[in-house]
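A.B. asks: Here is what each chain is made of, one letter per residue.
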Amino acid sequence: MRKEIVFTLNGEEMRADVEPHWTLLYFLREVCEMTGTKEGCGYGECGACTVIVDGKAINSCLYPILEAEGKNVITVEGLVTSDGALHPLQKAFIDNGAVQCGFCTPGMIMSAKALLDTKEKPAEEEIKDAIAGNFCRCTGYVKIIDAIKSCGEGR
Amino acid sequence: MEELPTIGQRIPKKDAPLKVTGSAVYIHDLKLPGMLHGKILYSKYPHAKIVAVNTSKATKLPGVRAVITGADIPVFKIGVIKDNPPLKTGKVCSMRDEVAAVAATTPEIADEALDLIEVEYEELPAVFDPVEAMKEGTPLIHEEMKSNVLKLPWRLLAGDVDEAKKNATFLVEDTYTTPWVTHCCLGTSGCVASLDLNNHLTMYSNTQIPSLAQKDYIEAMAAMGYKDRKVRIIQSFIGGAFGSKLDTYCYEYIAIFLAAKTRKPVKIIFSREEEFFATSPRQCTITKISQGCDRQGNLLFREMDMILDNGAYTSWGATTPSVMMLPISSLYRVPNVRYTARCVYTNNTYSQAMRGYGNPQATFAIESSLDQLAEIAGIDPYELRLKNANLPGEITPQHFKITSCGMKECIEEVQKRLDWKGKHGRDAGRGMGMASLIHVGGGARVYKSDGCGTIIKVDDFGKVDVFTGATDMGQGSETVIAQIVAETIGLPVDDISVINNDTDVCPWDVGAHASRTTFVAGNAALGAARKIREQILEVAAQSLDEPPAFLDIKHGIISSTRNSEKHIPLGKVLRSAHYMPHGRMLMAEYFYDPPNENFDKEFKGNLSVSYAYGCHGVEVEVDRETGVVKVLKYIAAHDVGKAINPMMLEGQIYGGGCMGLGYALGEKMVFEKGVLKNGNFLDYKILTAKDVPPVEAVIVETDEKDGPFGAKGIGEPGLVPTAPAIANAVYDAVGVRIRDLPITPEKVLKALREKEKG
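As they're listed, the protein sequences go chains Z and F.
Mind the numbering: the first sequence is residues 479 to 633 in the numbering used here, read in order.
Mind the numbering: the second sequence is residues 2 to 759 in the numbering used here, read in order.
Treat the hints loosely; a few may be bogus.
[Stated by the list, open to error] Cross-link-like lysine-lysine pairs, in silico, BS3-like; alpha carbons within 27 Å at most:
| hint | chain 1 | residue 1 | chain 2 | residue 2 |
| --- | --- | --- | --- | --- |
| 1 | F | K686 | Z | K627 |
| 2 | Z | K569 | F | K464 |
| 3 | F | K691 | Z | K599 |
| 4 | Z | K627 | F | K631 |
It is worth saying that the hints were derived from the structure and are not from the lab.
From just these sequences and the hints, can you work out the full model?
C.D. replies: Structural data, given as structure tokens:
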């Protein structure tokens, strides 16, 4: 039984008929074909599917789509401005060498954004806490932390 | 040294903008029109007869387009010694054995169909311990082979070990073991197989060996009756590989069979659960090692005997002893060496390549044992290492010709940065340890060719397309290749595009393995870039009426080196090349196959043109109450020849080191009677950002004469010496030696208790 929900997706109103058992990740990837958000495990452990809902970084693979009703959802696709400019975090990830295979990158950036949106200059430990739920197998996290730090400092 | 505009610069990875915006298309993101979804039914038992398979209910489920079993596919086996049928008939030999597969319109329907397949098994006695499996009378995994011990010739002899043992003043002997660990690529395995009307195959793939995979698929197609068909491999962005994609797997053939049967593209994507239990980990090892030295600490011999659990089938894991030989024969100067290894079939999972290819297991034993030797010889382990360090110009017992070698510099960097002399040997809950590494750094002649091809074409406006066989799986080879081409021609790196993911347009390459890409693909790119530069200057010589010898290209402008009036933009020259009668098009190709050697029958020969060295040192704190090992400081010094891109190179060192820390301290696949007990991210712990200690990457440049701009490989070395460095530091801190990885608090605590008891 489909149900209509309305929420904000990357700044625009999204109105959709959804199956109650869908996750937000399924809706984004399979229905909207927005594949920037990745699935790394499907059970909320790896953080590759991280998006921001009402200011909080969440694992979209565990988030029921019905919960999105009335909320503000931001995905990696929503970070680039309409004139094509990258978000400072995206630029920092590029410039600091924080990207290797890139599969964790969108989720990592969303976790970092949720942090920087609430705290302009987070300490290193706060950065580590914020991305502790985002696994990366390539980088050893060093340059990811550098990138996030550089963004906080640059403000 | 003169600073170059592109080489040695911290240039961001070329594909990073696609990745940070979520626009990079990974295999998981790919959809083709009409595409079906494939799913695999795995065995319920580690060893059992397949009595009957009933697929009728599954076939009738709406949305199901095909159900196949071993009976529906041609007799065909894959793997290094062709012992693995993509779908099993007769019997299953491990929990990951593929019994049936489904293609359906959605992944959910395919899953539902799997539940409807009825398989009747008759359980067989199984064997899970390689030592048991070698004994007479144990169940045979492959009856036709008449033994569980693989007929592989792993045996290396150099000098006279028995004589050297007699002469050794100090001698140590011990046994070290390592567990299965898995790659944990963030992007799971997957592929999309698509056949056209003439049964030519297009495989969308994650592979790190496109040219070799092409051959594998061609064989499969021939077995299916589609002889002489074309196979095209298109690589999507790869969500991590680390060796896991160095072979082709049953699921890929299943996708091909399903595509052939349904006449639709078929996509198979592994769940995380499958990624854990149905992909091939780094092999576990049991290693007996003995080393000895004279009174002054000169190493006299090294003897090692290994047993490797091969699992039920054979992939590249069974060939890792060939790379283990590298540190065994040539890590430090050791004149007498004896090594044997046996790979033994069991009903466990089968192993594959994983970053380091055997080197981490061998180095764990060698470097731990070396500290034991230093202790009984009464020599500081750092001094012992320095005394026996490899040297430029040396020829090792395995006939490796050592060219550039920064081993001593790496050891010294670690010593200095850890304040070794002041802090080592206090046994006060804090301690430090070091371990070195040797790895191939200038290709590795595993196959008859170790080559890579490159084609360069320049468009009318001075933009350069580089077509390379070299795969990028995140390590940054496309950026390094672009830098090499940009530097050589005299262009900004932004003007270079690298095309590296399509066998229809990219030349041949043996694969992204053996830390060979910067060296081999880099040299191939260098060769092609030199040729295209020559062509450009020939054409420009006409335009500017100046001999090529007096022309240079800088930032896309060609100018005379003796007459500053004479200059012309590259694009203009290129257009003039073909907008004229009898015009020409500028394009160059180059195939670089390094002058290295295959091993001879005794496993001797100069496998690589150059060798990579490094030394890792750690300071740890061990909690005597809990057994927890905390890494306080981690120095990773690497001889890289020349850092073409220090930023990306550091990324390899940090990433390797982090993976090495996991191997040292926590990662282990726990199998009980062939069943993986911790196949998820909750129970199999990889390091998070909070677990990473302060790591310092130290780059030692030795300018390798045969490397592109002096560079050597760095892909694998970063994790090779981590575990023994930590094991040695734990010993230094609390006096207990952990011989079995990972070094868990339980093991440390148990060893501390035993030590207290005396």
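A.B. asks: Hint by hint, note whether the structure agrees.
C.D. replies: Tested hints:
With a CA separation close to 26 Å, the supplied pair K686 of chain F and K627 of chain Z stays within the 27 Å bound. Proximity of K569 of chain Z to K464 of chain F is assessed by CA-CA distance (about 24 Å); at most 27 Å being required, the pair is judged to hold. A distance of roughly 18 Å separates the Cα atoms of K691 of chain F and K599 of chain Z; the hinted pair therefore holds under the 27 Å criterion. With a C-alpha separation of about 24 Å, the suggested pairing of K627 of chain Z with K631 of chain F holds against the 27 Å cut-off.
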